[in-house]
Amino acid sequence: MSQKKIRRAQPAQTTEQRRRKLHRERRELFRSLQGKLLSFFVIVVIAFVCLAARIVFISKEKGDAYTKQVLAQQRYDSRTLPYKRGEILDCNGMQLAYSEKVYNLVIDSNEITESRKEDALTATMSALQRCFGVDTAELTQYIQNNPQNQYHVIQKRIPYEVVEPFLKEKEENSSICGVWFEEEYKRRYPYKTLASSVIGFAGTDNNGNCGLELFYDDTLNGSNGREYGYLSEESTLERTTIAAKDGNVLVTSLDVNLQAIVEKYMEEFALAHRGEYREGEDGVKNMGVIMMNPKTGEILAMADYPNFDLNDPENPAPFMNAAEIEGMEQKERYKYLNGLWRNFCISDTYEPGSVAKSMTVAAGLDSGKLQGNESYFCGGKMTVSGHTIKCHNHAGHGMVNLSQSLEQSCNCALMQIGEQQGKENLMKYLYSFNIGLKTNIDLSGEARTNTLVYNVDNMVASDLAISTFGQGYNVTMIQMVSAFSSIINGGKYYQPHLVTEIRDSLGTTIKKIEPRVLKQTISATTSDTMREYLTNVCLKGTGKTAVPAGYVIGGKTGTAEKQPRGHGNYVMSFMGFAPVDDPQVVVYCVIDEPNVADQPHSTFAQEVVKNILTEALPYLHIYRTEELTEEQIKELEEKNLLAASQNEAGQVEETDTLETTETEGEQETQEEDAESRFTIDANTGYAVDPDTGELLHPDTYTPVDPTSSDLDGLVGIENDPEQAVDQSDLPVDYSPQEKTHSGFGSDGAGVGAGAAIGGSGINITYDNAGASSSGTTGQTSTANNTNTDFGAGADF
Amino acid sequence: MGRKNRNRKVKTENFFDYTLLFVVLFLLLFGLIVLYSVSSYEANIKFGDGAYYLKNQMKATVLGLVVFVIAIFVDYHVWEKLSIIAYVVSLCFVLLILTPLGRTYNGARRWLDFGGISLQPVEIVKVALIMFLAAFIAAIGTKIKDKKAIFWSAAIMGVPAAMIFFITRNASSAIIIAGIATVMFFMADPKYLRYVGLAIAAALFLTVYVFYSIYKAQSAEGTGDFRKNRIVAWLNPDDYASDTSFQTIQGMYAIGSGGVFGKGLGESVQKMKLPEAQNDMVFCIICEELGVFGGLCVMALFLLLIYRCMVIASNAPDTYGALLVSGVMGHFALQVLMNIAVVTNSMPNTGVTLPFISYGGTSVLFLLAEVGIVLNVSKNIKTKEVVVYEGRRA
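Chains as they are written, first to last, in our numbering: chain A, 586 to 1381; chain E, 19 to 412.
Careful, some of the hints might be misleading.
With a cut-off of at most 20 Å between alpha-carbon atoms, the simulated EDC-like pairs for lysine to aspartate or glutamate come out as follows [stated by the list, open to error]:
no.	chain 1	residue 1	chain 2	residue 2
1	E	K163	A	E610
2	A	K647	E	D257
3	A	K771	A	E749
4	A	K606	E	D164
5	A	K647	E	D256
6	E	K163	A	E613
7	E	K161	A	D704
8	E	K209	A	E749
9	E	K64	A	D704
10	E	K64	A	E703
Since the hints were made in silico from the structure, they are not lab data.
So that you can see chain E by itself, here it is in the shape it has in the complex:
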């Protein structure tokens, strides 16, 4: 092929990550099927309609697909300008929870209700934070090492995290927000050592916290508080099988009883035992119905999604695009890892949903928006400069 031809082609050829598109669409469809299988039993009992949860989720998915298509076609640099507004607006949504618009469900006040359409502001915060942080870091560039920059970064990350933690009492979402931000800082900062130090500090803190919890639990033995200690329940799940660890243990039973290829789609019995299995514990039911094999396949799909994000970020036309994609990548990675870690009792129980599969309209809508943005970034990659990870192609 002649040099001339190829140069001409570079100008006309647009890259588009079809792999990522298909992974996302597959996960979306798979998520709906699993959701129906998992939730129909409970939906039937509670609402007399087995497809209740499925219908709600489908509405959000359809809306999400519209947003998804828009995000694919709107140039992502638009978000760079709008990000500060998005960030502020998202925080306002969180504050709205305190107004009568806030809605309580299952004892937690985390939702907003706009005349029948309910929203979970924390999902908006995640997207807005990714946009704003990417814009901020891209703007300050190499100054990220400065003390002032660190202060501002901490503020941008800390405010929403604290708001989520204190207003909605949702520790896991706060952790994810802080996590996404940390991942983005890590990406932007050429230094490694401080993050290693941060990781060691976090590990130390967690260890101390675990021992402190055990100590507190022992001294409070006999009182009601004792039972509510999540850390102790995490370490001895069998002792708390009837209360604190009930969900965890029942989830583990589901994973363990599925075998290699599972009981078959829709054949789970644990979904009758697990309350709201369609939320955080959906992965257990996947393992029960489709076996360890099915569970690992789902994990592989998420890993592929994260891998595609990484490839796109590496080849992004500019820093902002790269950071945007890294943020989304961090979001997916953290949420999938934490969800599976919780259901396998590898970490204490926190309510983290599994992207695209767990029930939750706001989550699906905004996750689709995030992937849409990533795909738009991929669209802006010039084919000539595409870097395939094994090595660069000149």
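Same shape as in the complex, but just chain A:
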């Protein structure tokens, strides 16, 4: 077309000319084409370089993030196999805590949408609805909106019973797809509230909280396994499994039956006094019972009140009404829950009261400062460096010998005993009884008491006086029960412990925890004497109430006045043991501020111990040795406890009658003494103190006014009630440096810094005491070893 035009326009041109022109044009075009080719190539090269830079950038800048992302997406192909946290068993193999396999229901939208079966979605949905009650409309919507999603959890922690029928259905119907189950373990506590603060609890995350669950967290936990997906040579997805390593099993010395008995009577007591005096409050402010085998240091039962449900630990509902819970701030609520979770038996400190008298007397006897034939006069009060300290019997006990000083729990006699042996001796023995030191029991949250006891250098006469009967310094229940055990078991201080054996998940024993003697606190002879005195306490003295029908037991009562003094608040306690000649069980009950108008009666604690022993002793195969009176038979029949071991009764008839008569005689003389000095107020029927005009109960000569204080304002080491909260907030332990100390009360000696020095002073004295009292370096090193062994876990 164009060539014709050219021809027409320039007819004069020759063929040769045309050819040359065309050739020129073509060359021109060709030359420009070469230039264009080059420029196009340059553009392409630039574009390639840009893209190459982009690839390098992605790899360098985002490589790590994307690599992680890729690994995270492999969930389906490489998944974690959870380990099973170890069980906690009691001494008879009953499960206190175990982990149960549960299943999370996971939907794989991708598999459903990609399935070649047309009814995949409908079949899967109907099966899901039938087996799990899934809202199918909602789920179908989800699958349609997220067709690529491979991991969508729709139900959590389903038990196997629910999963099983679905798996069967899936096997029969191949259209069901895109559903799989992720395994998980849920911690269960079959006894719910039993021994709650001792066992502690762990969530699905396998983190233990308080108690054994926390202390043995690492032992109980295993390690996760893994299932890997990889491509085989044929490029098919193969799986290989590295199995999970399950956690170890703890066998404890706790006995579910004894624990249940203990908790039953504690609750009975607390409920009986609920709202009795202080409106709307529980029967006790705090209450704890420890039952221990004095020959091994194994804890048979340990309980505080109230309990909580370990399966639902964050629900305080059983103890508070709904409105109260609603009104609580989150922080307040957890503060309350922390209080609930803490173990009173090891975390709370208090002044031990008269139970400590057994330590004072044992110290005197063992050191040789007392011969056992001493007698003391009690006039109802004594004046020590200007302070008038009263005996609980304001009328005075008259002349008492050593045994009677314990039987009657005579403060005046004890103060004289203290004076006789001196503060150095008493403190040396208290340290040897581990007062002020941790027992290192295998539970988390044990209170540190080193700043809550006297430092021998700063003690003044009045401090010594009140500390002889257990006022002015602070202890924990576990310290007291361990120390007392050594007094009655021949002088061996056993480390208290709960776990007796650690097994692996297959049941093979990995470690046996044998009873560990830490030191010899007193000699065996002293121990024999002490057992005799303490038996007398329950036979003829203040501890008669605690004696279960048909048994002879030993023990010591305690009534400690709480700080601030003179507010009528007391800690009542009783420490009992049986049988008296070969103690197999020690029971210690502490009741903090019972909800009654008139608190200072150790009978509250005694009754609880009596009830516990009545039921627990036959269970422990300790049989009745005494004849039952008709009254006692009636009482036992009511409780349906008579059947047990009645045939054993009546064997030691003779001695029993003899001792009973003796006791009665003693009391009569006392009453005569009292009557001679006191007048009876005609209007009220109370006795009147001729010196002060104070009204006293005519039988016991204890003051009628519950707020009256025997201690004349002596405070000793102040035990700040707030400190209790501090400790529970910090399950490990609170730091003693953080606590400012109020010093040594009214005597004003050694304030602040003195207390801090006191802490370290105790440790030094302890080492000396250990060496001198045991007499053999071997045992001292045992003590040290023990501390190191448990150091990692327990010595915070």
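Model the placement of chain E on the given structure of chain A, informed by the hints.
Frame of chain A; chain E shown alone:
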């Protein structure tokens, strides 16, 4: 060496671009290995045969090699005469998609099915267009600057592009067709300025389109359409990682997780995640298995291929041959660049395959035909006139 000898040699010596031949054969073999590595997992699940895709591709490759050899030996001027027929026939193939012969796969009707042998007409259109445009431009010569010529050129380019776009709903192929044609016009036209203007206009249009998309997406927020906006998804791939950008993001994960030297051939895990990784996303898996290094090597090979095309085009014995090679060069350049730009999220997601490596029989067959033609052009270069780019050798 004497002048006489050299003159004698010129007549007997034929140039043949062995570099290009080896690059193509290497890419072909490499493509098959990568294809097997990438596709075996999915093939196993879907067809129970890990080599399913590989076998199909090998059949096409064998057929392609036959065509390749034929193309090398048939003088390329034959295509100058046949190009108009090829062009018309290729357009008829596109129309055939509308008949019952058309086959739908993955929701797109882009294939023809002749009793078991399936064909993608768009690949034929590309070759036919290159042939026809080269013949057309060579025929009109310098008249390419005329308005009439521009109209005809636009028609030759526009008809197939529009047909591909409207019949097969394949925007990316339409863009490539338009692109190849534009590259060829650019080569033939001595003027530069109008193409610079065209580039600026295109850039402006794209910018406006991006902003318009964002505006539309914002106003449609909350409705289902919002999610389907590719432009918005391109700009914020992480926000759409579970739907629109799923493929892109997963591809980026593959590139990023490969490291410098990759996880090793066959070790990719992303190919299990990426649906149909053997198609458009194959370059990601190369980067994952062979690392950034492997990816850059593949890019270098393509660049070498394009460079060889340029050298051949520069030395082509005539305009038709030069334009033919430029068209093939443009085809390769556009397709490689667009593919890699998409997988690195440098441009919005469009389905462009990577030559010789992505799965697709028709594509391999016709790409081999194109390279065969290029090699034939190189065969027609007289050694004496060979121009090496650094400077001419007299």
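Compare the distance between the alpha carbons of K647 (chain A) and D257 (chain E) with 20 Å, and conclude whether the hinted pair is satisfied.
16 Å, holds
Within 20 Å, alpha carbon to alpha carbon, are K64 (chain E) and D704 (chain A)?
18 Å, holds
What's the verdict on K771 (chain A) and E749 (chain A), does the C-alpha distance respect the 20 Å limit or exceed it?
This hinted pair holds, its Cα atoms lying about 18 Å apart.
Is K161 (chain E) close enough to D704 (chain A), meaning Cα to Cα at most 20 Å?
Violated - the C-alpha atoms of D704 (chain A) and K161 (chain E) are around 65 Å apart, more than 20 Å.
Is the Cα-Cα distance between K606 (chain A) and D164 (chain E) 20 Å or less?
Holds, because 18 Å separates the two Cα atoms, which is no more than 20 Å.
Does the structure keep K209 (chain E) and E749 (chain A) at a Cα separation of 20 Å or less?
Measuring from Cα to Cα gives roughly 78 Å; hence the hint is violated.
Is K647 (chain A) within 20 Å of D256 (chain E), Cα to Cα?
13 Å, holds
Would the pair K163 (chain E) and E610 (chain A) pass a check requiring their Cα atoms to be no farther apart than 20 Å?
13 Å, holds
Between K64 (chain E) and E703 (chain A), does the CA-CA distance stay at or below 20 Å?
15 Å, holds
Given the hint that K163 (chain E) pairs with E613 (chain A), test it: the Cα-Cα distance must not exceed 20 Å.
Holds: K163 (chain E) and E613 (chain A) sit about 14 Å apart, inside 20 Å.
Violated hints, listed in ascending order, are 7, 8; each of the other numbered hints is respected by the structure.
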